[in-house]
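**Q** If you're matching them up, the sequences are chains A and B in order. Going by the numbering used here, 286 is the number at position 282 of the first sequence; the sequence numbering is gapless. Going by the numbering used here, 298 is the number at position 294 of the second sequence; the sequence numbering is gapless.
Fair warning: there could be bad hints in the mix.
It does not matter which identical chain is meant; a pair holds if it fits inside one copy or across any two.
[Stated by the list, open to error] Calculated cross-link-like contacts (lysine-lysine; reagent style BS3-like; alpha-carbon spacing at most 30 Å):
1. Lys155 x Lys49
2. Lys22 x Lys209
3. Lys140 x Lys8
4. Lys192 x Lys212
5. Lys303 x Lys290
6. Lys237 x Lys262
7. Lys21 x Lys69
8. Lys96 x Lys69
9. Lys8 x Lys126
10. Lys291 x Lys192
11. Lys140 x Lys6
12. Lys8 x Lys69
13. Lys154 x Lys96
14. Lys164 x Lys212
15. Lys115 x Lys8
16. Lys128 x Lys303
17. Lys262 x Lys140
18. Lys315 x Lys122
19. Lys154 x Lys8
20. Lys192 x Lys115
21. Lys304 x Lys189
22. Lys259 x Lys126
23. Lys155 x Lys315
24. Lys155 x Lys285
25. Lys69 x Lys212
No wet-lab data here; the hints were simulated from the structure.
Here's the letter readout for the chains.
2 protein chains.
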Amino acid sequence: MKIKAIGGEFGLIERIKKKTNLYSEDSEEVIVGIGDDAAVLNYNKNSYVLFTTDMLVENDHFSLKYSIPEQIGMKAIEQNVSDIASMGGLPKFAVISLALPNNADVGFIDKLYYGINKKARKYKIDIVGGNITHSKEIIVNVAMLGFVEKKHLALRSGAKIGDFIFCSGNVGSSTTGLELLRNNKRGKSIKKHLEPKSRLGLAQKLVKIGVNSMIDVSDGVASEVKHICDESKAGAIIYSDKVPISRNTIIDAKKIKKNPIDLALYGGEDFELVFTASKNKSKQLKKYDVSVIGEIVDKKYGVKLIRNNKKQNIESGFDHFNRIRV
Amino acid sequence: MKIKAIGGEFGLIERIKKKTNLYSEDSEEVIVGIGDDAAVLNYNKNSYVLFTTDMLVENDHFSLKYSIPEQIGMKAIEQNVSDIASMGGLPKFAVISLALPNNADVGFIDKLYYGINKKARKYKIDIVGGNITHSKEIIVNVAMLGFVEKKHLALRSGAKIGDFIFCSGNVGSSTTGLELLRNNKRGKSIKKHLEPKSRLGLAQKLVKIGVNSMIDVSDGVASEVKHICDESKAGAIIYSDKVPISRNTIIDAKKIKKNPIDLALYGGEDFELVFTASKNKSKQLKKYDVSVIGEIVDKKYGVKLIRNNKKQNIESGFDHFNRIRV
Chain A
5 MKIKAIGGEF GLIERIKKKT NLYSEDSEEV IVGIGDDAAV LNYNKNSYVL FTTDMLVEND
65 HFSLKYSIPE QIGMKAIEQN VSDIASMGGL PKFAVISLAL PNNADVGFID KLYYGINKKA
125 RKYKIDIVGG NITHSKEIIV NVAMLGFVEK KHLALRSGAK IGDFIFCSGN VGSSTTGLEL
185 LRNNKRGKSI KKHLEPKSRL GLAQKLVKIG VNSMIDVSDG VASEVKHICD ESKAGAIIYS
245 DKVPISRNTI IDAKKIKKNP IDLALYGGED FELVFTASKN KSKQLKKYDV SVIGEIVDKK
305 YGVKLIRNNK KQNIESGFDH FNRIRV
Chain B
5 MKIKAIGGEF GLIERIKKKT NLYSEDSEEV IVGIGDDAAV LNYNKNSYVL FTTDMLVEND
65 HFSLKYSIPE QIGMKAIEQN VSDIASMGGL PKFAVISLAL PNNADVGFID KLYYGINKKA
125 RKYKIDIVGG NITHSKEIIV NVAMLGFVEK KHLALRSGAK IGDFIFCSGN VGSSTTGLEL
185 LRNNKRGKSI KKHLEPKSRL GLAQKLVKIG VNSMIDVSDG VASEVKHICD ESKAGAIIYS
245 DKVPISRNTI IDAKKIKKNP IDLALYGGED FELVFTASKN KSKQLKKYDV SVIGEIVDKK
305 YGVKLIRNNK KQNIESGFDH FNRIRV
């Protein structure tokens with residue numbers, strides 16, 4: 005049986021989650037195991053430890069045709085910081101596994117590490133270890149530890165019926181940038197693909213105001229709302245015309261003859277935040293760079309999209325196993 | 005400049021260590037950063053957190069020609085447990101990054117996870133997260149957290165002049181097994197290559213008796229002694245005829261026309277322990293499955309091997325960048 009037959013990447017994760025007997029359910033030390041952006045582990049009276057890992061694979065997450073090594077290193081850190089940020093935490097320590105082809109150039113590795121260090125310094129992360137090995141394609145795996153105050157922990161599972169659904173910044177630009185590159189076109193979205201930035205600072209402000217659930221946008225807004233609903237046992241209505249899309253993304257989407265809303269809903273790796281909060285917080289929250297894009301409803305209504313005044317089911321999100329390699 | 009020109013894998017690690025400005029030197033939270041089997045981080049009054057990561061790459065660390073998926077999963081956990089064990093700690097949590105070819109079979113992944121879970125249960129490790137992505141070759145990266153009582157922490161850097169150098173179990177069997185497989189021969193060493201076992205239980209006993217330094221054998225005994233000496237600013241004499249080699253390894257080495265001592269000194273992935281302790285501990289230590297293989301001496305004498313009554317310099321250890329792919 006092939007991975008596609010069980011629903012691709014997401015089906016596979018569900019299968020592993022169900023099949024594995026991980027001793028986590030009864031553990032007092034594991035607050036959240038598989039199924040959120042990072043694992044949540046008991047630490048001390050006031051704080052939890054967050055533990056996450058993410059891998060960048062050449063020709064899947066990046067291509068040397070498009071990215072300089074510094075950008076690959078930067079992205080490897082940003083995508084893990086984004087996972088810690090969306091839980092309400094601050095990153096603190098990381099270890100790095102690097103696999104490189106035999107003919108890899110030392111200059112390339114120096115530049116990759118320059119990018120890693122640049123971001124590690126920015127976020128005050130100590131790179132405390134790692135290993136280097138040999139492969140056909142370049143692989144950069146980062147595992148990261150962070151800390152979150154218990155009162156600020158934001159999970160996927162906390163959404164409540166009646167919550168507004170918010171989205172930070174603008175979305176769809178990373179995928180638009182990738183499509184421009186693939187089609188040999190130019191545009192401002194390209195930088196958003198090559199140098200995505202997590203929203204750590206914003207996430208810290210949001211959890212202080214109080215959000216009920218949060219996730220980072222790594223597989224498209226629609227997919228992220230679906231993850232929140234799955235974990236919160238809720239439904240949602242997303243208003244597609246409310247999804248925040250930048251002027252540059254609209255201009256660039258035209259060049260590749262794509263609808264920018266599709267790119268925002270189903271395109272990956274924007275590293276923006278999707279979160280839900282009770283309506284009475286919205287005045288406070290709207291001071292920040294966030295938009296209301298929908299509402300949490302009862303589970304029986306499912307996760308629906310209002311588009312051109314019609315109600316649609318959402319499609320599944322960005323799936324690495326259905327992705328055309330870059 | 006190619007990786008070989010700066011001394012392969014070990015030269016590369018040194019280069020990264022020097023080039024990176026990791027803010028660890030002054031940190032009160034980072035007890036040991038890059039340069040040991042695991043990073044050591046402050047935790048509470050009595051304990052440290054250990055943080056490590058290791059990657060298995062298809063056709064480098066394993067081949068589907070030789071390994072069944074269950075064995076790959078088992079090895080991915082064992083190699084990280086071995087890093088925690090050699091610091092004197094107990095493993096506790098792990099996250100897993102998996103990269104798979106598009107045509108990967110779901111049955112394969114089930115079996116891989118069966119192996120992962122088998123070992124996770126054995127060592128009481130909670131698998132708390134991970135991610136799955138797409139690649140040309142199969143990649144399994146594990147990042148692991150463990151805990152060690154402060155008084156039991158064993159570092160590479162603690163060896164003292166006059167210490168005996170010990171080696172646990174028997175060494176050279178994993179490499180011998182690999183060579184048998186490559187040469188289409190049979191022998192008992194093959195299982196040692198396909199299903200290596202860390203020495204967590206033994207390591208726990210050793211640190212309670214009191215060792216001055218410890219490392220696990222992932223790149224050959226000679227290389228591990230050299231790592232201890234580098235970090236401890238010491239020299240060493242290794243008696244090659246004292247290096248423990250099993251009868252099976254001697255028999256199997258003949259089949260591939262190799263000297264078993266070479267395989268033990270320079271072959272990787274036995275996951276045994278090399279450690280040093282003051283001579284007055286040797287009576288207590290010898291109750292366990294360990295052998296004295298040499299002595300720590302002043303740095304000015306370097307790291308030497310006594311072989312056939314002649315003093316030799318040791319060669320460099322197992323290097324993934326000089327390795328012929330399996």
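**Q** Against the structure shown, which of the earlier numbered hints fail to hold, in ascending order?
**A** 2, 4, 6, 8, 9, 16, 18, 19, 21, 22, 23 and 25
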